[in-house]
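Novice: For reference, the chains in residue letters:
There are 2 protein chains.
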Amino acid sequence: MRRSAGNDSGLPEPIPFAEVYATLPLLHPTPRSWAELAAANLPEFLADHAVCEQQVAMYALSLAGYYPDDAELVERVAALAAEEVQHFRRVVAILNQRGWPLGGRRKNPWAQSLRERIVPGRDPWTKVDRLLFGALVEARSCERFTRLLEVVEDRDVVLLLSDLGPAERRHWELFYRLAGRGIDAEALAARFLGWREFEAGLARGLGVSPAVHG
Amino acid sequence: MRRSAGNDSGLPEPIPFAEVYATLPLLHPTPRSWAELAAANLPEFLADHAVCEQQVAMYALSLAGYYPDDAELVERVAALAAEEVQHFRRVVAILNQRGWPLGGRRKNPWAQSLRERIVPGRDPWTKVDRLLFGALVEARSCERFTRLLEVVEDRDVVLLLSDLGPAERRHWELFYRLAGRGIDAEALAARFLGWREFEAGLARGLGVSPAVHG
Chain A
202 MRRSAGNDSG LPEPIPFAEV YATLPLLHPT PRSWAELAAA NLPEFLADHA VCEQQVAMYA
262 LSLAGYYPDD AELVERVAAL AAEEVQHFRR VVAILNQRGW PLGGRRKNPW AQSLRERIVP
322 GRDPWTKVDR LLFGALVEAR SCERFTRLLE VVEDRDVVLL LSDLGPAERR HWELFYRLAG
382 RGIDAEALAA RFLGWREFEA GLARGLGVSP AVHG
Chain B
202 MRRSAGNDSG LPEPIPFAEV YATLPLLHPT PRSWAELAAA NLPEFLADHA VCEQQVAMYA
262 LSLAGYYPDD AELVERVAAL AAEEVQHFRR VVAILNQRGW PLGGRRKNPW AQSLRERIVP
322 GRDPWTKVDR LLFGALVEAR SCERFTRLLE VVEDRDVVLL LSDLGPAERR HWELFYRLAG
382 RGIDAEALAA RFLGWREFEA GLARGLGVSP AVHG
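Chains as they are written, first to last, in the numbering used here: chain A, 202 to 415; chain B, 202 to 415.
Any given hint could turn out to be false.
Chain copies aren't distinguished; within one or between two, either way the pair holds.
What the hints assert, rightly or not - In silico DMTMM-like links for lysine to aspartate or glutamate, alpha-carbon gap of 25 Å or less:
1. 308 with 271
2. 308 with 385
3. 308 with 237
4. 308 with 214
5. 308 with 324
6. 308 with 284
7. 308 with 354
8. 308 with 387
9. 308 with 220
10. 308 with 245
11. 308 with 270
Treat the hints as calculated values from the structure; they're not laboratory data.
Input sequences plus hints: build the corresponding full structure.
Specialist: Next up, the structure:
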């Protein structure tokens, strides 16, 4: 454990991983060895993290473009995009303070494989899938941040991830709730199970690079 | 003029169009008849305006993705994206309050024609052009908002545009300044003149629909 029971660091106590994991829709936990790797390679982790925030913000804004008639969705994803842009700025500020490069666009095979499951033009399921995709991205990010918080010592990163973890948890729940409006609950759960199993299949091969979803 | 000299409406006095226009890099002024058309069709104007804000936010975020090594650009466009997302939310809130539809993605032939002038892979000019494109989008938006403020009576819209006009002015100046870093001033001015003349050619055929750039 990174911090002692006495916690005289002034930093927030990490929430036990198992406790957070139990609330998430994931079927394969990230190994602790991933967190050790990411903590040992913070410049790479943070550079990748910044791009994740930027891309989730763009994804949320694109959803508003796809579903302009869904007033609740538009309001919610716009608020989410605003949060993600602020997260992006916060990560960028840490990188800049340290002279660590941002890195920019890179392959994210995990997200790419998930995204390829979305088939346009088959509503209501296309819309449901776009939202379930968002739910899984946020859920896995939350899980990874929680894992990393167990081991990382860097004060700025501890404070960053302590703030962001709960936001990602709210976000996956929001995406899932938006997906479920007007959809039979059992059909939704079955659809999401298909996504969760697919994602777990990807996750089993990962945990081997310091990227957020690597 | 929308408001009397006495201005007992409590609303900000509109800045005279000619005064704002003189500070902008535009070579063809929008006719006042466009503002009359937009004021008479506020649901269409606001729906289009919302999409413009959403798309400018996405464009700004995409620039951070193109140029991750340019720390100043990344910081500035991220801050700009944050502002544009808030503008988007503000326009969406007005639409929702009134039960006016958002409308969503639509053709914007003016922006499309401009964007087609950007040729990838020819840096430094590709980067310069991406920023000059941003400068012109913001400048024309600023000009249109100023025009509309001369005639619109709707209190929420007056307050919205009174706030947004100055933001768009700051934004075009920011894009132009970012474009000019490390570029010979005369070469930059000549490049921008090509953009301005092309945009004026487009603008001469416009002013005929209530869209922000229509």
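Novice: Confirm or reject each hint.
Specialist: Results of checking the hints against the structure:
no.: 1; hint: 308 with 271; in the structure: between (31 Å within a copy, 20 Å between copies)
no.: 2; hint: 308 with 385; in the structure: neither (35 Å within a copy, 35 Å between copies)
no.: 3; hint: 308 with 237; in the structure: within (22 Å within a copy, 49 Å between copies)
no.: 4; hint: 308 with 214; in the structure: neither (33 Å within a copy, 51 Å between copies)
no.: 5; hint: 308 with 324; in the structure: between (28 Å within a copy, 23 Å between copies)
no.: 6; hint: 308 with 284; in the structure: within (24 Å within a copy, 28 Å between copies)
no.: 7; hint: 308 with 354; in the structure: neither (28 Å within a copy, 50 Å between copies)
no.: 8; hint: 308 with 387; in the structure: neither (34 Å within a copy, 39 Å between copies)
no.: 9; hint: 308 with 220; in the structure: neither (31 Å within a copy, 48 Å between copies)
no.: 10; hint: 308 with 245; in the structure: within (13 Å within a copy, 39 Å between copies)
no.: 11; hint: 308 with 270; in the structure: between (32 Å within a copy, 17 Å between copies)
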